[in-house]
Each structure stands twice: as structure tokens, then as C-alpha cells.
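Here's the letter readout for the chains.
Number of protein chains: 2
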Amino acid sequence: MRYSQLFGKSIRSVSHDVRSRGHELLIRGGFIRESGAGRFYMLPLGYRVQENVCRIIQEEMNRAGCQQMLAPILHPHELWAETRRTESVSFELMQVKDRSDRQFVLGGTAEEMIVALVRQFSLSERDLPFCIYQFSTKFRDELRARGGLLRAREFLMKDGYSFHTSREDFERFYEQMGKTYLRIFERLGLEAHLVLSGNGYMGGDYAHELIVEHEVGESRYLVSEDGTYAAHEDVATFEREIMNSEEALTDVKIVHAERGASIEDGVKHYGAPAWRQIKSLIYVTDTGEKILVCLRGDLDISEDKLLRAMGCATLRLATEQEISEAGTVAGFISPLKRSIKAIGDLSLTSVRNFITGANEWQRDARNVNYGRDFSVDVLADIALAQDGHRCVGSRSILRERRGVEVGNIFQLGTWYSDRMQGANFTNSQGGRTPYYMGCYGIGIGRTIATIAEIHNDQVGLKWPHSVGPFSTHLIQLGSDAAVCSLAGEMYQSLIAKGEQVLFDDRNVSAGVKFSDADLLGIADRIIVSARLSAAGLVEHQHYRSDTKRELRIGEL
Amino acid sequence: MRYSQLFGKSIRSVSHDVRSRGHELLIRGGFIRESGAGRFYMLPLGYRVQENVCRIIQEEMNRAGCQQMLAPILHPHELWAETRRTESVSFELMQVKDRSDRQFVLGGTAEEMIVALVRQFSLSERDLPFCIYQFSTKFRDELRARGGLLRAREFLMKDGYSFHTSREDFERFYEQMGKTYLRIFERLGLEAHLVLSGNGYMGGDYAHELIVEHEVGESRYLVSEDGTYAAHEDVATFEREIMNSEEALTDVKIVHAERGASIEDGVKHYGAPAWRQIKSLIYVTDTGEKILVCLRGDLDISEDKLLRAMGCATLRLATEQEISEAGTVAGFISPLKRSIKAIGDLSLTSVRNFITGANEWQRDARNVNYGRDFSVDVLADIALAQDGHRCVGSRSILRERRGVEVGNIFQLGTWYSDRMQGANFTNSQGGRTPYYMGCYGIGIGRTIATIAEIHNDQVGLKWPHSVGPFSTHLIQLGSDAAVCSLAGEMYQSLIAKGEQVLFDDRNVSAGVKFSDADLLGIADRIIVSARLSAAGLVEHQHYRSDTKRELRIGEL
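Chains as they are written, first to last, in the numbering used here: chain A, 2 to 557; chain B, 2 to 557.
Looking at chain A on its own, in the form it has when it is part of the complex (with noise of 0.2 Å):
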């Protein structure tokens, strides 16, 4: 490709919306431009890395011995309705209706669909298992879109899905994909991290992450110093520390207490550790139940985990109207003599003597011991891990992590195949058996914006071979006959080598193009000059760097 023919030139500045550095560079170079916010083209610079990672990502698949098909993009709602997933996804569903008035939705997620695909194959126990995989593109009405291709509103995806006879099947199958995913990640120069995560609305019991270590993620999750365990914070789990066992139990005292609210001003007030204290909230649930949810003062509550926990939708915390109709007052919410359901935290029995609100406003009492003076009617995991906690078994240490969420696999089991009509299979005892179910997703855009993200310096981009636009940057310097000549000749061979060259063959100077190389990122670079064609030699440089090797032309 001669650069000056190219569609999507360099540009020098961009709006100050854009936050992260990849994304700046991405615009910047002519790879992406945006549609409305959310929405991005590819331009042909980023439709070629687009076409890199697409392209190691299905051969990864393929050597899985996963089959590449495609899905229609409109979804009829009939099949959400079937798995009432139309109620419980968090993204908001964007919907359409046809001129007979048939009402599809713009696929996010395609289990459905997919579902609904293979169920009209009356299969049996040995066409099982397989895995089918498209890449297409998705849509999520995301209420914010920041951050470029990290976070878009439309984005392509490869999403694949797979059927098993058993769980044993899928189990082994499971762990395959996570080594495959690791291994296209790696192969795209991104060092990615199972994380356990959670399912969310895509149902199942488990799940992985596939995380990039960076500060632009939105992906919080932990992980153990000794290496052997990483969650993201909605499912970690961590060592409730016992604080102090040697403490005898002592009797419960009512006290008047002029503090303030918080945690903090219990601290303030009683000149004692945040952990000394009970943490109390009411929150009301989607059927509009108060909830009492209490945990150890040090802690926060995961939101995720309580909804897990609770196995409702979505949750509030109550309205000062509505603690005080639960016969309690903020601040001094109580344990003790509660009159509505309770879920408490495992820290609950990590401490002796704890002080917590009596119910009154400035009224405390202190001593509380669970067990003997209070209970909940659920005992969980509903704290959020943090960075110091260790690890539950092994004592590591976990520490906090931020990246980008670049891929994920879950485990499906029987979710959809429980809820979507014949969903089966014939076992070898002739009978019906639910698939059983996993899907594994990579977000395109995304992994780009990542690999943008991870892969520059402070004048451009520095693609990794495997993905960059072009293999080759040929730079022609000065127009005399010469070095036209010769950088035409240089361009016509590496091309007929099977290079992907851009060939800078523009009329303007050598610090521009070289200031648009270093922009571009394209990982060799050959510079023809007149001062060494006359000698018969180009250089040769790795990306930028200082050392420029000089060959001659036969070499390359």
C-alpha cells in the first residue's frame, strides 16, 4: 500500500474527550474514527490489525477443533423470552420491530440463538460434544461510552458455544479453552490472566476472565502473591482473620454514644480499631423486602456477592423513611432484636466483644458476641476482598489488580437447556438429556484497544508483528530518480516476498514521515536514502529504535 494512496491519514491532535493514551494514538494514526459515541469505524489501518487478531484467534479455534459459523444479528425476542433473560440483563437490550410488527432484539449475547439452532438438529449422544464460534457484531446500550474501542456500544465479538453429554466433558473442555485463550492472547502480545469471576446474567455456576494487567481496565480482581489464585473482587473470597481469640467474653452494655454515623466516628469515639465494630445497612430487595446485612466495621460489602447470596436481581439500600419503619435509625442500626430478615458477613465470628448500635439514635451497645447475643438467618461470603487479605487455605497474600477484561469463558452447565424446550439430546438409554453448556467470548475492539493500550512509548504506537497493519514500513527519503527508482524496486520485492508493505512514497519530509512511522508503530522499518542507495545499501531499524543496521540491498 503507497501511503499517499492510503484512505485514514495521521492526524496531529484529537478532542480532549479522549482519556487514554492507545485510544489517542488509534484515532491519531488513522486506525479508528468514531460514528456517534460508542460506535466506531475501522479504517483500513485498523481493519488490517482487526483482520491479525481475527485471524490468530480463528486459527487458535480451529486447532481446538471448534467450527466457525454466523448467527443473524437480529434476535427474535420470542427466545429471550423463553430464558426471561429480557428481565434480568444488565446491559439494556436494544429492540426492534419489523413492518409485521415482529419484535427482534439487537443480540448482545447470542446463547439463544444458538440454542435455538442446535435444538432443531435432533442430535444424540455421539454428534456431542462440539463447539460452534462466530465472530459478529454485538450491541450493548450502555448508558456511559468511554474510553473508545474499551467500552463501546457496538463492537465485534467472537462468541462461541459448546454442547456436552456430561459435565466431566465440558469440565475437560473448559480447561482446554482457557490454555487456547492464553495462547491467543499470548500470540497477540497481550500476557492475560484467568481470573474466577462471575456469571452475571449469562447464568451458570463459574466463570474466567481473561484479564491484561493495566490502569485504564475496569476490571478490579486479586491476586495471591504466591501466584496460585486470582478472583475478580465480585467473587473473591479471602481469611476471615480471627482478631482476638484471647479476649474473654464479656457482658453485653447499653451506652449512650455521642458519635456521629460513620465507621470512622465510632473509631473517633471509642478510641478503638474499625474492626471492633459491627457494620449494619438495610437494603430492600426487587420485591421490596428489608434486608439486614451486617459485617465486621473493616470490611465493605460486595453488592455482587449479596445479590449472589440473596439470589435476587437487583438491590437498594433503604430510604431513612424506610430503616426507620424497620424500627431502627442510620448509624445505629442494630443486630440485636431485629425485627426484619438478616444475611451476615463470615466476619461476624472473627471478633469478641464488639460494639454496635442499639436501635436508638446515639445509643450503642457493646460486648456483642455472635452467637450468644445476636444471629443472622444467613451466614456468607458477602465482604469485598482487598488488597493485604489472604488467601483462603494457602495465607498468600492477595493484592489488588486493575485490567482490561479482554475475554471470558463460563460455564453454562444446563442453564439454557433447562429453560429453552427441547434442548436435549438422546442419551445411549434412548431417553432426553439436557445439553450441558459453555461459552467463550473475546471482545475484538477491545483486545485492540488493549494491545494499543500496552504496546507504545511516548511518540506512538509499537504494534506486536503479529498484529500491526503492515510488516514492513518502507520510508523513501529525497525524490531524486535515484531513490525513486530504488525505493519502487525495494517496494515491488518485498511485496513479491509475501511482505505487507506501507510504502511512505509521499512528497514531504523526513521528519514527517519519520514522525508518522513512529506514530504508525509498524515494527520493521526499511529507509531508503540517497546517500546510501549511491552505495548500494537501505537501513534496517526495529520500530525506533537508536540502532539502525545498514544492509545491502540483496541482503534483505
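Because the hints were derived from the structure by calculation, they are not lab data.
Honestly, I wouldn't trust all of these hints.
Identical chains share a label here; the pair holds if one copy fits it or two copies do between them.
[Claimed, not checked] The calculated lysine-lysine pairs, modelled on BS3-like cross-linking and capped at a C-alpha distance of 30 Å, are:
(1) LYS180 with LYS498
(2) LYS338 with LYS291
(3) LYS498 with LYS549
Note that this is a predicted model, so its numbers are computed, not measured.
Following the hints, position chain B against chain A.
Chain B only, in chain A's frame:
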């Protein structure tokens, strides 16, 4: 790929809705499946065919210097409002709102989206020409979707858009794209013809359809016997034969005519050929105006030509009530003493002494002559060309054909750049000139369907080698250890040679395997059987030809 592991195996029968042979075979073979009417899954086999088709198109587009990119599927509604195509597009646009109430169009074509991208760059003369293209899903809310992939509501399309500084530069490129398209279809095993056509809702002045002749097609076109002219019926011109130039002009005579209302009734009543009569109809335009339309009695009106001649978007025939308001009566409408605007076909000057109605029930006028006794406000080409008519100029006889429109190329001129603000480049004088544009489409699903319609016989498909899902169909007959081992070895060695192999390793009868191979239609078959393998031989067969060659295993 082992057939035993393939998702989407062949089935024996299809629903009665399936009307075309190719569509039936695509479903039976496991290439495609319907989601809802007009929306299809590409199964692994079909997806492989689609990949081959896209790759060939991509190679030829790139060879013509075009650059691949990708635009979002959701188009901001305001772009379509800029060109007012929301009002003129004949397929109903699907529209969708996001949660912030922004309205989008589900793209049916992408001219506005592409111009909206290109105008973001401040292009100057030296940045042109260029052509960008994409493969992307398109939506058309067809009222009826029949014929499978031939007329889908959601389909993959290759759409390209070229930008030029001048008409001359565009015309050179347009001719090149015509040739590129013919080469693409030739490589896909289709004999396509460049057929002059109308631009319809696309804007611009002229266009060509790429049509493959076949009875399942919906395009009716005319080709001259000398091969120099091919045009879609909507635009095909033809010579108006002079019928009776020797006849002396005689005086108008008003006569009582006890005849029915049709031209045929007039033929019977007068014993004169249909061309002797004037066919007169009243149409109502989109603004409610009544228009008298006249042509020679042996011809039919082309509503497409009529719309173009009148420059309106829609037209309908007048009701009896409206005809009577126009001061005349159905069956006896006359261009004599008319009170409304009239448009006439060129054929009105080709007959002396016409017979026409006289605006009263059972009253006719005889010996009516254009120019002497009546005239029209516009004399234009508004008649439908028919088999047997003659080409204008060459007088070669026109023959009617039916075919599938697999692609099209459009001159757009400045239709979009005039309507969309800022769609221009800096010319050499420093002023701004609107881009001169063209666009170029290929329907991928329709192309696949057409290949399937053309390349089949009574037992199954016969894919051209370039597009078939696999290059080799390896069939293992029997399951004794020697055969299994040889077949397995063959499979590995063919793959190592870079062949795409479908290996029928199932434990089913030879009859089932051959009938599936016949159905799937892969070009090369290799058969491994006990009888021959003992002698170190396998059989090679081209499709299911009667001749099988026996080959030493090493000879492959």
C-alpha cells in the same frame, strides 16, 4: 474436518415452503438454516463457502486498489435525514432508539455513513481518488421474504464506495469495476452480465446490474441478439416501429362503439390490430395531481420509466371516481379535449389514423393523429421493452431474459456530496468541490444461492472448486483395521499438503456416505476401500462422475 464431528449434518427432507432447487440443497446439505423468514444461520459448511466467496471478492477488490474497512451497523438517523432518503427508500428501513432516545437506522446501504466518515477528513485533490469497501450485515424489511438467501431480510453485503475529483476519473474507475466484477463472478463459477439498470433510491444517473441468467431470478432484462445491448426492463429502450407511414391521413370521425373497456375489446370490435388504438390511463401522483398517460395500444407502460419521466417518487392508477372527476370515463379516456396534464410515449408518433376513446361511454374517435388532432405535454420513453422489439440504432432484436441480480455498480455523481454538508475536497484553486462518487455492491448470500442454483444436478450440489466448503471429500468404506489406518493416514497427508479435507469417518453404509457426498457436492473425492487398499490403491472421482481413477497412494 471429520464428518462425524461436523455440526450441521445433512437431512433428508425440507419443508414444503422451500421452492427452489438450490435452496433445498443448501438446507438438506447442512449449509444453512432458517432463523425466521428471511434470516439465516450460516452453518459450518455454509460458512466455509461464504469465506471462500468473500476471499475471492476481497482479492479482486484489493487488486483494483480498493481498501477494506468497516462501518458501524447502526447509522445515526440524522445522516439519512440529510439526504432525505428516509422518505424515498423503497424497502422499509428498520429503525431503533437507544436508551438516550437517539434514533438509528439499521443500514440497508451505507452511502450516508461512508460520506459522513470521509468528510471528517479535510481531503484535498491529491488524496483522491480512492475506493473503500466493507463486508457488513445489511437489513431490508422486505414484506415477503421467499427464495431463501436470494431475498433475505438480513444479509452480508460487500459494499464499496469510490471518491473522485471528476466525472472523467470516475468513469475510468467505473469501467474498471465493471471488469473487476465480471472477473469476480467468473472466479465464483458464475457467468454474469453487465446489464444497464436504473438507480432507484440510490440517487445518481446510471447503474449496471450484474445478472446471472436463471429462472429463479427476479430481474427481467433484455439482451440484443447481436450482444451489444443488455438492459433491465426498467430502463431498456427500443425502437418504435413506424406502423403505417404509407397510409393517407383522413378526417377525425366520432363513432358509436359498442365495445368493452380493454384494448382487446377494441381489437375485436374494429378487427384492427392493437397498435391502431391509443391506450390511455389516468395516474395520480404523490401530490394528488391527475395525469393522463397515453401510448400505442400494443405496448405496456413501464411504471419505472413513467416515475423517472415525471420525477415523482410514487404513482397510482386513478379510481373510477377520479377518472370521472377528470371529465372522462374508463375505457374511453382520450387525449382529445383533455383537461389534465398529459404524458405520452414516443410510440404516439409511429401510427397514422389512431382509434381512441372520446371521453364518453361507448364513443370513440377514429383517424386521430398526433400533432394534428392532439398532443401531450411530455413525449418520452415510458413503454416497456418486450421480447421481439428492436434495439435503438442497431435494430438487433431484443430477447427477454430472467436472472438473479448478484451485484450492482452505481454512478452516484454528486448526489450525496451535494446533499451532505462538507462533503467536498480542496481543489487545485483552493476552492471546495463536491466529491464525484460511485458505489459497488455484491450480495454474498444471494451469490451463494445463485451458485447453488446453477451448479447442481438431480442428486445434489456441484460446487465450483473455488468456493466448495472443502477441496477433497475423503470417503472411508468399511471399518476393518487396514482401511481405518489407511484412511486416517490419507487424511493426515492430504491436510499436510494444504488440502481442505472433509473425512467421512462415520460408521454408516457406503450408500449413505455416497448419497451425502452427492448432496454436498465437493469437487474431488477420494475413496478408501478394503478391496483396493489391499493392492495399495485408492479411487479418485470428480464429483460423482462415472469414471473413477485408481491411484497408487503415493500418486496423490
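Evaluated hints:
Taking the closest pair of Cα atoms, LYS180 and LYS498 come within 30 Å of each other only across two copies (28 Å); inside a single copy the shortest separation is 33 Å, beyond that limit. With identical chains, the CA atoms of LYS338 and LYS291 are at most 30 Å apart within one copy only, with a shortest distance of 15 Å there and 86 Å across copies. When the C-alpha separation of LYS498 and LYS549 is checked against a cutoff of 30 Å, the pair qualifies only within one copy, where the shortest distance is 22 Å, while the shortest distance between copies is 40 Å.
Every hint from the earlier list agrees with this structure, and none is contradicted.
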